[in-house]
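Participant: Here are the chains, one letter per residue:
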Amino acid sequence: MAELRLKSVRFRAEREADWLRLEALVDKAERGSAASLTDEELLAMPVLYRASLSSLSVARATSLDGALIDYLESLCARAYFFVYGARTRALDRIRGFFANDWPAAAKAAWRETVASAALTALGAISAYLLVMRDPEWFSTFVPGGLAEGRGPDASTAALRATLFDTHHDQLLSVLATFLFTHNAGVALLAFALGFAFCVPTACLMVVNGCVLGAFLAVFIQHGLGVEVGGWLMIHGVTELFATMLAGAAGFRIGWALAFPGERTRVEAVGAAGRQAAVLMGGVLCMLFCAGLLEGVGRQVIQSTAIRYVVAATSGVIWLTYLYAPRGGGPALARG
Amino acid sequence: MARPPNAWTPAVGEPAEDRLVRELVTPEGVDLRVRLAETSERAAAFLLDAAIIIVGLIVLTFAAIAALVGTGGNEVSGQVVAVIWLLGAFLARNAYFIFFELTPRAATPGKRALGLRVAARNGGRLTADAIFARNAMRELEVFVPLTFLISQGSQVDAWLDLLGIAWCSIFVFFPLFNRDRLRVGDMVAGTWVVKAPRRKLMADVAETALAGQVAFAGRGAAFVFTQAQVDAYGAKELHVLEDVLRRTEARTIAAVAERIRAKIGWLRGESESDYAFLDAYYLALRGRLESRLLFGRRRRDKFDKP
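Protein sequences appear in the order of chains A and B. The first sequence lines up with residues 307 to 641 when you count with our numbering. The second sequence lines up with residues 1314 to 1619 when you count with our numbering.
In case anyone wonders, no lab produced these hints; they're calculated from the structure. Among the hints, a few may not be true.
[As the list claims (entries may be wrong)] Computed cross-link-like contacts, DSS-like style, restricted to lysine-lysine with a CA-CA straight-line distance of at most 25 angstroms:
# : chain 1 : residue 1 : chain 2 : residue 2
1 : A       : Lys313    : B       : Lys1508
2 : A       : Lys334    : B       : Lys1508
3 : A       : Lys413    : B       : Lys1618
4 : B       : Lys1618   : B       : Lys1576
5 : B       : Lys1513   : A       : Lys313
6 : A       : Lys334    : B       : Lys1513
7 : B       : Lys1615   : B       : Lys1576
Since we're looking at a predicted model, the values are computed, not measured.
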């Protein structure tokens, strides 16, 4: 019977066992992780993968068994993704992110960060001046829900109470959670909107500044400037900085899309997007800290002086961490 | 090419699917020919994931309420539910996708169900920052449009909402307007979504056919085809025949056997079964085409020169 069999059938019979073994290994690797494979299996994987790949080439050239070629294509693709895929351990990835990737991404986006800061400042100053001249402007800048009765018509005492109010009716963790998710949503939005050629992100930065400026104006008019500074800055340093970085990440993408330079548009956006994503990962970490400071820290710490100390400390920490020159070799390979 | 009305419908290499096949050359120099996912498949995968997330959150909520009622802490139950929905919804809508796409399968449960996975467009490694970027963009593609949809403005606001929806549609329907089916997130992250189904190694039709032939030959009859008869068809028809033999539907087998007999001018024998005839013809045709293949002559279909 052996001589009756087609050459392609004999070819398959000789190699079938290797393919099935590779399939079992890929199945196992996909179910768990690289760690679930023994050393022996890890070493066997690339060998089997190359053998199967060579089988695929031969089968394409000599066999007309359609199912076999489909099978080998799918098997080789799955093995390819594993053999050449990311296999950095999660812990190394996280360490690399905090040690190198995040500060490097922040440094690379310094121009965009300055632009975000300038836009926020622009919004804040214009809103401040407008509200100082005519308090009616306040409601234009601050939506009702956010104001919570802190409008220009409120009495000084009422305003002071909002600054030193311990929300006893609410669990602090709920407040912190709400603030974190709300701010993170806004930051992600600033990042994603950058894709529309930066314009919506720029608007978001200005609006953010307007709210800040309008609030400041109301409190300063009532002679509560110092107190409101402490109330805002205890978390605001972290939060505003994070928002500006998110805006910078958005600008980076929009800018690459509008002015790709010598690369193709898709390539430029891809490169900018991955770097901006690293920055956004950092922004979410910062917003988590800000949420804790705002939701818990501000309610617990009632002294304006201590609030300023916390604000200044957080500012110094973020600036040194992100921008201070650091020794060491090139950034760890990301992945 | 104009096709005669009674031509077999092609089973492989349909033009509709070939539009989505992309070259992926491995470092070993072999083209893996990956197939991109259809927009419909990706939408289905996303809906599955969204359903999983929502059901998960609802279950979590009921579990938390049940636990609190059990311990008698009614006072704070509302707040715990609030935390679950605030943080849970946030984590679910952001971390869910990132977490699953970071696993070796590079696919969420929804994508896995449809046999899809995320891959780097340049064929290289799929990095964590790429996965983060493609999922952070979901904010623009899903949640911004949703907020426009559920906001109920009147007069000017309503017009603004309408404009917003129109503007968002650009991002929502982005995958329909580029040939690689990229959504905005894919574009920003340098990724795409490919089909990577798990296929089982099926038995070779030639093996089963040969076994049948040997049994048949034992009973004293054998099929002998002339050169002209095996030159009637090409590789495409061979693949159709392979499918027919795999499916083993009696009516299809009979119809196909009849068609082939007519084409090659084969007179049906006394005790000849359709199945045995097709097995024998498949073997002969494949043997002929493969031996020509070894000489560098691939006959694509019956319209090709033998």
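Participant: Where does the structure disagree with the numbered hints, that is, which hint numbers, in rising order?
Facilitator: 1, 3
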